[in-house]
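A.B. asks: From first to last, the protein sequence lines are chains A and B. For the first sequence, this note's numbering gives the first residue as 1, with consecutive numbering after it. For the second sequence, this note's numbering gives the first residue as 1, with consecutive numbering after it.
Be careful, since some hints might not be right.
Far from chain A, by Cβ distances over 12 angstroms, these chain B residues were calculated [as the list claims (entries may be wrong)]: (1) Thr96; (2) Glu126; (3) Ala237; (4) Ile254; (5) Ile288.
Straight-line C-alpha distance at most 27 angstroms; calculated DSSO-like pairs for lysine-lysine [unchecked claim]: (6) A/Lys267 with A/Lys179; (7) A/Lys82 with B/Lys302; (8) A/Lys179 with A/Lys194; (9) A/Lys267 with A/Lys49; (10) B/Lys310 with A/Lys82; (11) B/Lys124 with A/Lys6; (12) A/Lys246 with A/Lys194; (13) A/Lys82 with A/Lys246; (14) A/Lys215 with A/Lys194.
Hints in this document: simulated from the structure, not taken from any laboratory. All residues carry an ideal CB built from backbone N, CA and C; glycine is no exception.
Here are the chains, one letter per residue:
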Amino acid sequence: MRLEPKPSPSIVHTLLYPAGAIVATLLVASLLVMAAGASPFNVFWLVLKGAAGSQFALVETLTRATPLIFTGLAVAVAFRAKLWNIGAEAQLYIGAVMTVVLGTGAVTLPSLALIPLIMISAMFAGALLLLGPALLKTRFGVDEVVTTLLLNFIILLFVSMLLEGVLKDPMGLGWPQSKRIIAEAQLPRLIQGKRLHFGFVIAIASALVTWVIMKKTVLGYEMRAVGHNGEAARFAGIPVNRVLMKTALLSGGLAALAGFSEVAGLKGNLTLDLSPGYGYTGIVVAMLAMLNPLGVIAAAIFVAGIFVGADAMSRSAGVPSYIAQVMVATALLTMVTAIMLTRFRIRWR
Amino acid sequence: MEAFEILFTTSLWVAAIRIASPLIFATMGELICERAGVLNLGIEGIMTVGAFAGWFAVYAGGDLWFGVIAAALAGAAFGLLHGVLTVPLGLSQHVTGIGITLLATSLTYFIYRIALPEVTSPPKIESFQPLAIPVLSDIPLVGPALFNQTPLTYLAYATVAIVAWVLYRTPAGLAVRAAGENPSSVEAQGISVTAVRVGAVMAGSALMAIGGAFLTMSAFNSFFFEMINGRGWICIALVVFGSWRPGKALVGAILFAAFDAYQVRLQQVTGGIVPYQVFLMLPYVLSILALIAVARRATYPKALMVPYQKGER
């Protein structure tokens, strides 16, 4: 068999194949639900209800989507330039560290000055963290996949060290957690008494800004050119290495905002379980969005809905909530296959 | 100089070989995949699957070797999935690999939860026990380290020899290497590049899974979450460090493991002045430094990550 590019992908296929990917994902999930001794329809209904069935559910889904928008954007930007940043998890944690370093009373400023200061510092830290692997890639030819992956483990241990050392809350009863951030550093809640916070607004704004950068600026054009064909881009006079550096700074900064927003908007302090793999899930979000920054918003809400819905379902139907991760991973694999099928035709022999 | 004396203790080297064993299996597995031209980032998840499948087969009443086979088959199944998606369908090997890791890991945890709903602490199995090889194990220092280990460690040594022999001395190995260097030459021989690559990914994934199973069936005797803990990613670094050669990769794995065993012992010597996290970081930092050291003269298989289309040049 061989793959032939289609001259112009048909609209029917563009809709049909992704729909097929969703059906395939639901089929896989159904098998697992049945293996767990429950009825798929009941379980899917409970997931849907838990994700979007009430105001509480919707608010919870949007809250969970917030960090995923940031990490999804980080991955989308990097992958567009074929910079394989698998380290959004580490960049998220570094952003969170900066937030508690500056936000727990070391600096006292009014909110309108303090919050932007913390945001910029967090982005700066995340950007620097990805600059390392990007420099190693361009200067020494070290594969960034491995370095960013290994940095996830290094940074998590570093955070653990800080939480048991200099950042440890003396009032924390011995738990490895930081002090709570001061009131001026907290992001306001969007709805009184609900968990949804201003971080969601920042996430949407970041997606819009990223979209403008990717589609309307020279840098965005260069990033796409480098990702499409690095050799050709170099030949056309694009400074490939410099573009990769800028991509790394942007990507690392976006991922760090996830950590900032989780601490300043939701948790109030830093613990070792701040992120249940948001950095890795960001890869799924970015791919489902086909690396489109605006698509990231929808994909993040979709993925967050599955997680929130599965948590609620798991409490009532007794199917382990790990089903959510299985569905998300399956959706990733089926969706990349579907996207390929809309662009290529399979010729048997 | 206590920190230096540790290097001459038998227990350090016994531990080093024990730590190296799962890495040897998984590194050989990744090496086969990459030699055929396919990067397999599914390694971390496939090791998790292997760790669970091997342990669970024994827990369910199977023989220990049956557990090893169960792990290998489970690994090969995920290898088949990775192979089909990346070779004939030509999907991004990075994205697919990460997807396989996410899928394999979450599926394992899901199945663990439905298979053992009520357990609070993970059940234990009768794991592989050390088997002293007569005469050889009596050699001071090296003897107990190399020749008083479990049968799975001996299988790891054998795997290196077999992988090296197959790659360099058999037609199948030649086809695998050619598929990773110059796939059209394989096609010119009338051999299907797709079959060679998918086959290599399946075989490699089976080895990764056995590496995972070593943890639950030989190093420890039960399965717990997140037990692979980045070992798969380390193995990817070890393949680069070993410049895609089984012998060099073996040396790399043992050096890495010796360092890992050494840092654990060094923690006790320093007596808590340096935070323990610093020591735990060292193996990961060392991997990055090793990559930087070899990067300039690394010779990747030329067709690594290049999808092959029949009749295209």
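A.B. asks: A separate judgement is required for each hint: does it hold in the structure or not?
C.D. replies: The hints, checked one at a time:
| no. | hint | in the structure |
| --- | --- | --- |
| 1 | Thr96 | violated, 7 angstroms |
| 2 | Glu126 | holds, 28 angstroms |
| 3 | Ala237 | violated, 5 angstroms |
| 4 | Ile254 | holds, 19 angstroms |
| 5 | Ile288 | violated, 6 angstroms |
| 6 | A/Lys267 with A/Lys179 | holds, 11 angstroms |
| 7 | A/Lys82 with B/Lys302 | holds, 19 angstroms |
| 8 | A/Lys179 with A/Lys194 | holds, 23 angstroms |
| 9 | A/Lys267 with A/Lys49 | holds, 25 angstroms |
| 10 | B/Lys310 with A/Lys82 | holds, 25 angstroms |
| 11 | B/Lys124 with A/Lys6 | violated, 55 angstroms |
| 12 | A/Lys246 with A/Lys194 | violated, 37 angstroms |
| 13 | A/Lys82 with A/Lys246 | holds, 13 angstroms |
| 14 | A/Lys215 with A/Lys194 | violated, 35 angstroms |
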